[in-house]
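Spelled out from the first residue to the last, the chains are:
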Amino acid sequence: MLFFSLALGVACVSPAAMQEKVRAFEAGLLGPIEDGRTTRQEVLLRLGTPSSAFEGGRILTYDFVADPAGEWRRARGSQASDWIHPHPRTSSLVLVFGPDDRLVRHSLVKGLHPDPPVQDAASPPPS
Amino acid sequence: MRRAPGWPLGVLVLSLQTGCLIWPFPTGHLLAGRGRITPQYVASLQVGVATREEVLRHLGEPDEVLAGGKVLVYRWTETRGFLAAGGYGGAVAVPFPGHRALRLEFGPDARLTGLAFERGKPPAGPVPAGEP
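Top to bottom, those sequences are chains A and B. Heads up: the first sequence at position 120 corresponds to 120 in the numbering used here, and the numbers run straight through without jumps. Heads up: the second sequence at position 20 corresponds to 20 in the numbering used here, and the numbers run straight through without jumps.
Calculated from the structure, these hints are not laboratory results. Everything numeric in this text was worked out from a predicted model, so none of it was measured. It is possible that some hints are incorrect.
To be verified - These stretches of chain A come out as covered by chain B in the derived footprint (C-beta under 8 Å, 3 or more residues):
no.: 1; region: 43-55
no.: 2; region: 59-69
Unchecked claim - Quick partial rundown of chain B residues pointing at chain A, CB under 10 Å, derived from the structure:
no.: 3; residue: R57
no.: 4; residue: L59
no.: 5; residue: A110
Stated by the list, open to error - Sample of chain A residues with no beta-carbon within 10 Å of chain B, all distances over it, derived:
no.: 6; residue: P15
no.: 7; residue: A16
no.: 8; residue: A17
no.: 9; residue: V22
no.: 10; residue: R23
no.: 11; residue: F25
no.: 12; residue: E26
no.: 13; residue: R37
All C-beta atoms in this analysis are idealised placements derived from N, C-alpha and C, irrespective of residue type, glycine included.
Using the sequences and the hints given, assemble the complete structure.
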């Protein structure tokens with residue numbers, strides 16, 4: 001009985017707690033990222049090797065996935081199309097760099113529906 | 001007097017009580033993948049106008065990158081219906097999947113040249129996203 005209760009307690013994370021974890025994840029991820037200031041080197045040092053690179057490295061993408069407990073981590077070694085629901089909540093960070101290797105634009109795509117992507121989240125408008 | 005439909009009604013009644021029933025109601029619920037992409041969601045991506053950058057910023061990481069980045073594919077699996085099986089005193093319904101994909105093609109100027117929704121299974125074996 002105790003085991004059953006513990007299993008339920010681990011498996012059932014309240015929506016409020018999940019939302020709080022999402023907010024913490026996004027704040028931690030996007031907080032240090034600032035268009036016009038953040039450099040490619042800073043991104044690579046902070047986030048590591050990107051999931052994919054496009055157009056000669058001008059665009060980098062980072063994939064993230066949340067486990068059933070709501071903890072976010074980098075998605076490595078598996079294709080998103082294979083992720084079985086309702087397990088994954090996914091996010092994809094897309095970073096676009098200019099010729100000077102500084103961040104020009106970024107977007108956090110939080111799943112593909114129903115939420116639209118958060119464009120340039122947590123960044124002030126370019127001055 | 002109108003005649004009742006005989007064997008179709010019998011089959012229906014039997015399948016409801018002791019056998020299997022395919023219930024082809026596509027609910028569209030996501031079974032696998034990062035998300036279900038709707039035509040409405042990509043309506044802003046106009047062919048000849050949208051760039052690869054805009055597509056990536058709107059849809060995120062693709063599941064497949066083909067032809068050196070000229071083709072991006074997003075895949076997901078959704079519910080296409082239910083296979084229901086039942087006997088006396090019990091029943092079970094299992095969703096059967098439908099594989100879907102959105103394929104986007106780009107020209108040399110990185111602008112979108114084609115956008116198409118596809119059906120069917122992905123190719124056998126993972127296709128790694130590469131550096132275009």
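So, going through the hints one by one against the coordinates:
no.: 1; hint: 43-55; in the structure: holds (count 5)
no.: 2; hint: 59-69; in the structure: holds (count 4)
no.: 3; hint: R57; in the structure: holds, 4 Å
no.: 4; hint: L59; in the structure: holds, 6 Å
no.: 5; hint: A110; in the structure: holds, 7 Å
no.: 6; hint: P15; in the structure: holds, 18 Å
no.: 7; hint: A16; in the structure: holds, 23 Å
no.: 8; hint: A17; in the structure: holds, 22 Å
no.: 9; hint: V22; in the structure: holds, 15 Å
no.: 10; hint: R23; in the structure: holds, 19 Å
no.: 11; hint: F25; in the structure: holds, 15 Å
no.: 12; hint: E26; in the structure: holds, 14 Å
no.: 13; hint: R37; in the structure: holds, 19 Å
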